[in-house]
Each structure stands twice: as C-alpha cells, then as structure tokens.
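Work out the full structure, taking the sequences as your base and the hints as a guide.
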Amino acid sequence: MHRKTLTELQAGLARGDYSARELAEHFIKRIQSLDPELNSFISITAEQALAQADAADAARARGEAGPLNGLPIAHKDIFCTRGVRTSCGSRMLDNFNAPYDATVVEKLQAGGAVVLGKTNMDEFAMGSSNETSYYGPVKNPWDLTRVPGGSSGGSAAAVAARLVPAATGTDTGGSIRQPAALTGITGLKPTYGRVSRWGMIAFASSLDQAGPMATSAADCALLLSAMAGHDPRDSTCVDRPVDNYSADLDKPLTGLRIGLPKEFFPATLDGRIADSTHAALRELEKQGATLVDISLPSVDLSVPAYYVIAPAEASSNLSRFDGVRYGYRCNDPQDLEDMFKRSRSEGFGAEVKRRILVGTYALSHGYYDAYYLKAQKVRRLISDDFVRAFEQVDVIMGPTSPELAFGLGAKSDDPVTMYMADVFTIAVNLAGLPALSMPAGVIDGLPVGVQVIGNYFREGQILNVAHRFQQATDWHQQQPAFGGDA
Amino acid sequence: MALDPQALARVAHLARLHLDPTDSAALTDRLNSILDMVNQLQDANVGDVAPMAHPMDVAQTLRADVVTEGDIRAIVQPLAPATEDGCYLVPRVIE
Numbered sequence: 008m009h010r011k012t013l014t015e016l017q018a019g020l021a022r023g024d025y026s027a028r029e030l031a032e033h034f035i036k037r038i039q040s041l042d043p044e045l046n047s048f049i050s051i052t053a054e055q056a057l058a059q060a061d062a063a064d065a066a067r068a069r070g071e072a073g074p075l076n077g078l079p080i081a082h083k084d085i086f087c088t089r090g091v092r093t094s095c096g097s098r099m100l101d102n103f104n105a106p107y108d109a110t111v112v113e114k115l116q117a118g119g120a121v122v123l124g125k126t127n128m129d130e131f132a133m134g135s136s137n138e139t140s141y142y143g144p145v146k147n148p149w150d151l152t153r154v155p156g157g158s159s160g161g162s163a164a165a166v167a168a169r170l171v172p173a174a175t176g177t178d179t180g181g182s183i184r185q186p187a188a189l190t191g192i193t194g195l196k197p198t199y200g201r202v203s204r205w206g207m208i209a210f211a212s213s214l215d216q217a218g219p220m221a222t223s224a225a226d227c228a229l230l231l232s233a234m235a236g237h238d239p240r241d242s243t244c245v246d247r248p249v250d251n252y253s254a255d256l257d258k259p260l261t262g263l264r265i266g267l268p269k270e271f272f273p274a275t276l277d278g279r280i281a282d283s284t285h286a287a288l289r290e291l292e293k294q295g296a297t298l299v300d301i302s303l304p305s306v307d308l309s310v311p312a313y314y315v316i317a318p319a320e321a322s323s324n325l326s327r328f329d330g331v332r333y334g335y336r337c338n339d340p341q342d343l344e345d346m347f348k349r350s351r352s353e354g355f356g357a358e359v360k361r362r363i364l365v366g367t368y369a370l371s372h373g374y375y376d377a378y379y380l381k382a383q384k385v386r387r388l389i390s391d392d393f394v395r396a397f398e399q400v401d402v403i404m405g406p407t408s409p410e411l412a413f414g415l416g417a418k419s420d421d422p423v424t425m426y427m428a429d430v431f432t433i434a435v436n437l438a439g440l441p442a443l444s445m446p447a448g449v450i451d452g453l454p455v456g457v458q459v460i461g462n463y464f465r466e467g468q469i470l471n472v473a474h475r476f477q478q479a480t481d482w483h484q485q486q487p488a489f490g491g492d493a
Numbered sequence: 026m027a028l029d030p031q032a033l034a035r036v037a038h039l040a041r042l043h044l045d046p047t048d049s050a051a052l053t054d055r056l057n058s059i060l061d062m063v064n065q066l067q068d069a070n071v072g073d074v075a076p077m078a079h080p081m082d083v084a085q086t087l088r089a090d091v092v093t094e095g096d097i098r099a100i101v102q103p104l105a106p107a108t109e110d111g112c113y114l115v116p117r118v119i120e
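These protein sequences, in sequence, are chains A and B.
Heads up, the first sequence stops at 493 in this note's numbering, and the numbers go up one at a time, no gaps.
Heads up, the second sequence stops at 120 in this note's numbering, and the numbers go up one at a time, no gaps.
If you are wondering where the hints come from, they were derived from the structure by calculation, not from laboratory data.
Where is the CB? At the ideal position from N, CA and C, for every residue including glycine.
Check before you lean on any hint, since a few could be wrong.
Using C-beta positions, here's what the derived DEER-type ranges look like [as the list claims (entries may be wrong)]:
#1 Asn70(B) to Ser40(A): 56 to 62 angstroms
#2 Asn338(A) to Ala34(B): 52 to 58 angstroms
#3 Glu44(A) to Glu120(B): 53 to 59 angstroms
#4 Leu104(B) to Glu353(A): 58 to 64 angstroms
Below, a sample of chain B positions facing chain A; criterion: calculated Cβ distance under 7 angstroms [said to hold, decoys possible]:
#5 Met81
#6 Thr86
#7 Leu104
Right, dumping it as structure tokens:
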C-alpha cells in the first residue's frame, strides 16, 4: 500500500480495497519500525489517527466521504494542532500543546485526511539541512549519512521513504522545494497569500507560505485544492476563488513558453545537475514547449536581500517568546530581564539566535536604511525582473538546488555556505510567486530536482507541466532502497 | 560595517538574548561573515525604486468591528509556566 500515490489510495479506498483504518495502521507500523533510523517525526499521533480513520470509514459508509477521506498525511511541526505538541523544532516550544488547529490543519481534516503525526524540521524553519532541530537531524533515506535538505526535511524524508504518502511543508526561502529536490519528491510553494498562514508559526511573515509535499504533481494538486482559500483570520490570505488544480493536469503543453534564466545556469553549476535539467527540458520540448533564453539580472542579489529581510522579520516575530505566557522558561530567574534573556538563550538554538541578532542589528538605529530599506528596494528589483520575464514566457525553469544532498555536518560550521543552498529558490519567495520542485534524475544514487516557477496564482499551470513530465518519465517513481517492502 | 564584541553586546541586549562571554568572539566572527555576504547589497544600484515590504500590493482588509473571540483564558493559561488566580506570574518587578 505504501508504494501507491495519494491519488491511487483515494481510488482504492473508494473501491473498498482497504479501509481508512487499515491504511492508517499500515503506515503507522512503517513509521514505528523505520523512523527511528530517519528521525523524520517529532510526534506520532497513532491514537488520534486511528480515531480519525474510523470516522473516515464511517463517513464513507454514510455516503459522506470528502475528497481526502481516509488518506493518511503528516503535518510539519510548525502547524498548530489542537492538544498535540507543536514544537517548531525548538526547545522553546517542546512543552507547547497548541490550543487550536491551524487553518491548513482544519481544512485538510475537513476533507477527511488522517493525520499520522508531526514531522521534524529545522528550528523555527531556519535551515537548509534539518540539522538545527532540537530533536536532532533528519537523515536522507537515499543515503543515511546525508541531509534531506530543509527546513521541511522531516516531511520530505518521510514521504520519500514512503512512511506517509504526503505531508505539509512551509517555504520561506526554499524550505519545501529544496528538501523535495534532495529527497526525490514533488513539493509546491503556492503564491504568497494563496494558503492561510493562521496557526502556522511565523518565521518571516512576508515570505512564509504553506504547501503540499508528495510523490507526484497530481497528489500535490489534490492536496492544494483542499489547503488553499481565503481565511478571514489571515489578512494576507487572498480572497479569490480556488482553482480545481486537478482539472488541467493533462492539458497538452503545445505552445508553452519556458524561460531559462541564464542566472540559474551559472558556469559553477554541477555539470551533472545541469545535464539532468536539460534532459527534462528536452522532454518538455518534445511535448510541444519552446525554450526561451531570458535574464533575471537582479536575482544574484536574492540571497543577501533575503538574509536581511527574513532575519529582520524573524527578530520581530520571535520577540513573542519571553517565557511568560507559554513556552520555555529558565530556572530561578533573578529578575524579569534575566528571565527574558535566559529563557530565550536557553530556549533557542544557535542558528535561530544568529538570525535574531542579524535581524535586530539590521533594524537598529543607524543601520535601518543601509540594510533593511536597501534590501526592500532590491526585493522590488528582483520582483520586477520576474514581472518582465512573464511578459515573454509562461513558466520559468532551472535546477532547484545547486547541489545534491550533502553530508550530515558538512556545512554546519559555516552559515554562509549553508545559505547558498537556497540560491535558486529564494528569489521566488521575495517575489511571492508559486513554484514547485519535481524529480528529474538520479546521480550516484541521489535524486536531482528541477524547479518550475509560475506567474502569480498559476499553480495549475506549473502542476500541469510537472504532471505531463511525470506521465512521460519515471523519475518521480524512483524510491530509495531504505524501507524496502517492510 | 562590522560588529565588534561591544556592538554585539548592545544588539544582544536589544534582542533580549544572554550571550556566553566565552562564545562572544566566535559568534562575532560568524555574524560578520553573514554581514559580509549581506554587504553585497551596498553595490546595488537601486535608484529611486520604491521599497517592497510585501509581495501583494494590496490594502489591508478591514473586518467588522465586533468581538470574535470570547473568554479563552481557561484554554490558554494552562500553557503558561507559572500562573496564580488567573494571573501570569513573573519575577517581582517593583521592590
């Protein structure tokens, strides 16, 4: 059962090949036997999952099955889940049982999904390797000595190892797409504002967006249709009808114009990754797409602009963690200030503290114009580059990650090298565009991902491109040896 | 623009973070390597372009001015490290 896609499981449930309870039991057993090696879950919610599965079976018997009825999923531990620990990968929230459900959690539950647990992640979603988690690093199922990428690395590793057919993720600078690329799955970051951020613990509020991670574009379409939509509780969530993302998956690609920015194919790019990307482009050409050389001249400044804007917003968002109303509090504080400072210093890990410090510095008196305002102006230039490009082309493509999954610990001592892991994904968040990563090769036993960027609210179009590619190739069906058929 | 340990101490105070003095030099180096990378921005020719705070150039929507949440103290207060009689407890502020 774990070899099947969400879409196949949906059909199997409808036919009565198995019940939601049988599915949930199967995947929970896999998680319990295999995850100790991967560390992709922070919490397993077996009891609640079986109750949800029984409710799904009962709903089906009554003829009331929702679109996701009985389908097992997992949530990144950044989404609040009522009564279940919501840690955000941090010691700060290790004792935090959320008092409410995030909108994304509510919507997927309303569709009938069964939640098996909460996945591991970089602390407060700050990282590209899943090594900053308080709960320890996640291993890549393709090679247990390597990272799965981050920050949604737990979701990516769990889906890649078929411990769960699909999971939610969040993407602030590449945190869905980069781990999807490094683990050989499909992951989509929607247009900013397409999915509600309510109940999703904030990192950088003008960049954060939730999206689906699964083994195929069709599965991502199914999940996104349930996740997207207006939410009055998030004022940045756009009030605009939600497309049926599954409807246009098969549309022929004839006449599709694919932009190839020269900045996404630098001379320093790993030649094997460039080859896989070009092979994917040739397949799309075969299906009637045309390739157009373009330039996004300002995207080379994406990483520096992001590492001002994201830490600045994070320093403000994370100021709420003060040890008073919830979360970690230090022992025996001497006075109020000591309590704030030691609770925060003991509750946050090294990378989170570095980003809070950079953000505080960038916003502090005398530096605001030089850093924050400048970064916001560069953000506009980057965004304008995309607007101009989309006058010429329908989608923009390139590699998702400049490298294959790297070794655990390889970059832990060098934050700036680590930040470069997101060099091709960050600009998309700054502009607020939708983009996905799809598997497009395996090199030396490690998957390669290709990124498809769409115009605002054209999630349907990038899913169409990925689905057509996946109908003609089998890279998305390649699985790591890990987990086998247990 | 580079941080020295004194500037770092000032920023850490603003962020309400306690720094271990023995880590201060190593942390200063790492933060400066980040600031070096970020300083590429200084060469960007931004002209009079308008700063972009947000991807969607839309006005904040307003909702009706009515109470939407009732009394949730019984739900949220058990999450606190220390409470008494419905109040949050913190170290004494006024001697």
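Going through the hints against the structure:
Look at Asn70(B) against Ser40(A): about 57 angstroms separates their beta carbons, and that is inside 56 to 62 angstroms. At roughly 24 angstroms, the beta carbons of Asn338(A) and Ala34(B) sit outside the given window of 52 to 58 angstroms. For the pair Glu44(A) and Glu120(B), the beta carbons lie near 55 angstroms from each other, so the given range of 53 to 59 angstroms is met. As the Cβ distance of Leu104(B) to Glu353(A) is approximately 18 angstroms, the hint placing it in 58 to 64 angstroms is violated.
Evaluation of the Met81(B) hint against chain A yields a held restraint, the C-beta minimum of about 5 angstroms falling below 7 angstroms. Given hint, Thr86(B) at the interface with chain A, holds; its Cβ is 6 angstroms from that chain's nearest Cβ, closer than 7 angstroms. Of the supplied interface hints, the one on Leu104(B) holds, with its beta-carbon coming within about 4 angstroms of a beta-carbon of chain A, less than 7 angstroms.
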